[in-house]
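Peer 1: Here is what each chain is made of, one letter per residue.
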Amino acid sequence: MFFSSPAWDSVTYWSLDIETGGLDPKRDPIIALGMLPIRQGVIRLSEAYRTLVRPEEGREIRPESVQAHQLVREEVREAPPLPEVLAEVDRRVREGALLVHHQGIDVAFLKRAFARHGRRWPSPPVVDTVELLLKLERRRRFSAPEAGGDGPSVNLAAARRRLGLPDYQEHDALTDAIATAELFLCLRGALRATTLRQL
Amino acid sequence: MASLDPVAFLRSTPPFHALPAALFEAAAGSLEIGYYPAGSILVRVGAEPLQHLYVIRKGSVRLERDGQTLQVLEEGETFGYTSLLTGKATLDVQVEDDLLAYRVPATRFQALLGDAQFAGHFAVGLSQRLKSSLEHSPVTTFKADLQLEVQQLLRRPAIWVEAGATVGEAARVMRDQRVSSVLVRGDPPGIVTDRDFRNRVLSEGLGPETPVASIVSRPLRTVDAATPISAAWTTLLDTGGHHLPIRRGDEIVGVLTSSDLLKVHAPGPVAVLRRVERMADRTGLPGYAAKVTEMVAALLGGGLEADLIAGYVARLNDALLRRLLTFAEADLGPPPAPYAWVVMGSEGRMEQTLLTDQDNALIFDDLGEAKRDWYQALAERVNADLEAAGFPPCQGGYMARHWLGTVSEWVQRFAGWFEARKPQELLEASTFFDYRKVGGALDIEPLEAALSSTAQHPIFLRYLARAALELRPPNSLLLRLRESTELDLKMQGLAPIVLLARCYGLEIGAAERNTHARLAAAVKAGLMSQEVFNVVGEAYKFLLGLRLRLQLRLAAEGRPAINKLAFSDLSAIERSRLKDAFRAIKSWQEMAAYHYQASF
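Here the protein sequences line up with chains H and F, keeping their order. Position 161 (the first sequence) corresponds to 160 in numbering that gives the first Met the number 0; numbering is contiguous. Position 553 (the second sequence) corresponds to 552 in numbering that gives the first Met the number 0; numbering is contiguous.
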């Protein structure tokens, strides 16, 4: 049983979301981060970690990003510096899997940041709710090919609404992490996934 | 944590809404979120009990025993407390629609039980649960209006928008929530009102994309939740605004408007009474009904129970009626022989809150027979005056101008009603058998004697009981949010109780007319257990209060008072208690059906 994969709910997932000062992992800063764990299949608010992040020297918050996260430079100036925050992230994600909505952004930013600050990326298994959404969509098309049309939006709020989850405010890192965690539990059920590998 | 959506939802859900901030924060800090696909079994009878209190955020669960569904719970309802309180799993809990639930661990729940109000919500007895659900803690003595605390006027949590919202978004939130102001997050938080849209947006030629931040008023001028209304009124006058955020500790728990406060500032019963007593002539009549409605709204807002308020209204109406009789006698000269003015139906039972109709009749001494015209004229005048005061004429036509006669005639009528078998006759009998004398010097003992002999007419009683039992509360399993069920609070809730209580009252020859008093008399006579009395009595009060709030809302919108409401318009706690109330009625009806089959 060398290739056996653990039962899905025996794994701890750290759901994580970051707010960034732009969309370029090479140049833009991480300015807020929220994460909380799913243990035994249940989301635990008591272990939530939520922090603003002081942008590194020379990295600016792009004006067009402010519309989403509502954070300006003054608000993050006194926040903990990135290396401190990365240590917190590192300690947590080593516990199990990392859960994000769209790893193209969040994981790319984190990897770059880890590398910049001389930290080895712990390479946790990554579960991406966007991928799970696409997987669910493929299955539905397979079973109902006549439905056709464009694939539905993978936007977090739109996907949640489609699956019957409540509307939460967007672009607060911890709330988005909670929203992602709930979406994950919902998708896990819809996909009938029983092991980590099936996710 | 306060700005997290799950935490905000928990805060607005009873009984968490009433927790002191520190206790609530601790509970919120321990919150867990679970997702359970349809078909999941959360617990089974006799197995390991639940270890959490669950609050349903989305979806629904069925509580079952022996394969029978006892209850269906939906958004905003809680479960798991029986497990937590008794340490046993006494029900199966099965997920019906995919369930997103927020849950509080057992140890935290136990700590919260230290709060009396919180614990009261989970009281094991149905009557206690109904009682604690009456929107506020029962106020047994009437406090002077203006010394009530502002928090007793709050009806809903504060509505917020994010700091970055646009005016258009804020306006949509206000429309959807039907509020005239919205709070704006930020440090410090601020407020935006209808008025700001007019004065700072439209009149400046700005559009819906304008950031709310550019028109917000901050910092907020708040008052503490325990502030007396009189003091809050002063604050509002000081600020020149129309919206007053209410704070408990550091938390804003709601926003009062100037009209909320005005309602309470309106005269209480004593002031309305004085107005009636000082009425020199008929010119003072118009506006009476509006004053009473205003008072009722204020007293309900002040936390008084509906049956208590109905008692005030009855007494005020009685005072008005006596005034009208003196006006009529002044016009017509002294009565040829004594008479009695009686009111019937809900007024007879002292259960009318808003002035929805007039049910009255006139009884005069046999010696007055020759001067029948005098009594006819009296009835005409008083009926017309009542109409002028705002009592709509009764649709069924039970008005003194049509229903007057000598004592002998009335005794005859009563005897005839005992033979009533057809629905229309039974309805007539029921209305008249709730009569209550409010004016005149005539002694109507012969009618009392006739009424207390009802037990000697078992067939009549059986028909009456049958009619009462035909009115059925809706099956609580069919009460679902998604079904857009419409309920008739009168025919499905209040009437079944009123009619059955009347049967009991007549059977034992009780002098009481009031439903609650009749039930109490039935307990005394051994016809009803104390336990059933408690449950049915609380169900009745709850339904009365619910209907009164509905009718006040309709009155405020200028719509006629009806008894129908959509199940989905109720708050979670009201939905759940309404189901409790319907269940209480149903089980009482089953017992009563047995009683009337067995004994008659």
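Read the hints as simulated data drawn from the structure, not as lab findings. No experiment lies behind these values; they were computed from the predicted model shown. Watch out, some of these pointers could steer you wrong.
As the list claims (entries may be wrong) - A few chain H positions that, by computed beta-carbon distances, are all more than 10 Å from chain F:
| hint | residue |
| --- | --- |
| 1 | ARG53 |
| 2 | PRO82 |
| 3 | GLN102 |
| 4 | ARG115 |
| 5 | SER122 |
| 6 | ALA157 |
| 7 | GLY163 |
| 8 | GLN168 |
| 9 | ARG196 |
Said to hold, decoys possible - Dumping the calculated SDA-like pairs for lysine to any residue here, alpha-carbon to alpha-carbon at most 25 Å:
| hint | chain 1 | residue 1 | chain 2 | residue 2 |
| --- | --- | --- | --- | --- |
| 10 | F | LYS563 | F | GLN176 |
| 11 | F | LYS57 | H | ARG43 |
| 12 | F | LYS57 | H | LEU133 |
| 13 | F | LYS57 | H | ALA192 |
| 14 | F | LYS57 | H | GLU56 |
Every residue gets a Cβ at the ideal spot worked out from N, C-alpha and C, and that includes glycine.
Peer 1: Evaluate each hint against the coordinates.
Peer 2: Quick rundown of the hints versus the structure:
1. ARG53: holds, 19 Å
2. PRO82: holds, 26 Å
3. GLN102: holds, 22 Å
4. ARG115: At about 30 Å from chain F, H:ARG115 clears the 10 Å cut-off, so the statement holds.
5. SER122: Given that every Cβ of chain F is farther than 10 Å from that of H:SER122, nearest at about 28 Å, it holds.
6. ALA157: holds, 16 Å
7. GLY163: Since the minimum Cβ distance to chain F is about 6 Å, H:GLY163 lies within 10 Å and the statement is violated.
8. GLN168: violated, 6 Å
9. ARG196: Non-interface label on H:ARG196 holds, nearest chain F Cβ at 20 Å vs cutoff 10 Å.
10. F:LYS563 with F:GLN176: Distance of about 21 Å is within 25 Å: holds.
11. F:LYS57 with H:ARG43: holds, 18 Å
12. F:LYS57 with H:LEU133: holds, 24 Å
13. F:LYS57 with H:ALA192: holds, 22 Å
14. F:LYS57 with H:GLU56: violated, 45 Å
Against the hints set out earlier in the document, violations occur for numbers 7, 8 and 14.
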